[in-house]
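Enquirer: Residue numbering for the sequence shown follows the numbering used here, starting at 12 and increasing by one per position.
If you are wondering where the hints come from, they were derived from the structure by calculation, not from laboratory data. Quantities reported herein were computed from a predicted structural model and do not represent experimental measurements. Glycine residues also receive a C-beta, built at the ideal position from the N, C-alpha and C atoms. One thing to keep in mind: the hints can contain errors.
What follows is a list of derived Cβ distance ranges for each label pair [as the list claims (entries may be wrong)]:
{"hint": "1", "residue 1": "E116", "residue 2": "A72", "range": "22 to 28 Å"}
{"hint": "2", "residue 1": "L47", "residue 2": "T229", "range": "51 to 57 Å"}
{"hint": "3", "residue 1": "A122", "residue 2": "L47", "range": "16 to 22 Å"}
{"hint": "4", "residue 1": "D249", "residue 2": "F45", "range": "51 to 57 Å"}
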Amino acid sequence: MSVPYETAAYEPPDSPESPEEHLARLLGRALNSFELPDETIRRLDCALAYDGSLHSAHHSAGLHRETYRHTWLLADGSAVTLWELVHNTAPGSEPQHEIYVDEEELRTATARLPLPPDTPDFELPVTVQLSPAPALRQMYVRDGSADHARRLLRRAENPDRPGPETAALLATACAHRITQAFGRPSRAGRPALCFSLYEHAFLLGDGVELSLWEVEHTLTPDGRHMCEVYTSEDAARDAMERRAAQVS
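All chains should be built: construct the whole structure from the sequences, respecting the hints.
Expert: Have a look at this one:
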């Protein structure tokens, strides 16, 4: 049995489209997209990567049916799969697209199609190869991430704090996480414990992770609390050592 080289729904993994664009196209062509659970759509809002592949096909007497597996990698490291059914068994022979959240629903929908029962499927093994994505060390929080970034930049007092270009990128942040960083002490026993260092990692709308490094300390002439923000850990730790050197 032959399968056409070009199919109506297949989207190669190296497509330049973003995960969000893949989802929008899939929902736009599926006749039953309104039946998808709201929770599934919400989980896909910040997908990091996408993979689509042909799963099985059935061609007989001018009628055809293909199923596709669409998988998205999410910010918390989990994955969501949607199953697409494409067939031309409706009146007029125009391709119809349907989408389902699990294989059981897909099999039920497939069984309803008026296709000869004695023609075997052409089935492909499922191999999911997601695009490269940032290493996720812990779960992100989806709660006012762009506002959190604005507040962080606003309280930074160092002259070399991140500028408008970084602020513009962070305006698209859809999730974030905060981690306290530990490690290399200040030189020659200087008072590293006067400092706190935090990584603020933001997940942007295009799936890219951008981190800012916050130094908090009270090594100021009047002993007040001060916040400095840098674009790299090395820059933040160098600033800590310079501060420690000024008061030692």
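Enquirer: Next, verify each hint and record whether it holds.
Expert: Now the hints, each set against the structure:
1. E116 <-> A72: 22 to 28 Å: holds (26 Å)
2. L47 <-> T229: 51 to 57 Å: Since L47 and T229 have Cβ atoms about 52 Å apart, the given range 51 to 57 Å holds.
3. A122 <-> L47: 16 to 22 Å: holds (20 Å)
4. D249 <-> F45: 51 to 57 Å: The hinted range 51 to 57 Å holds for D249 and F45, with Cβ atoms some 54 Å apart.
The structure agrees with every numbered hint stated previously.
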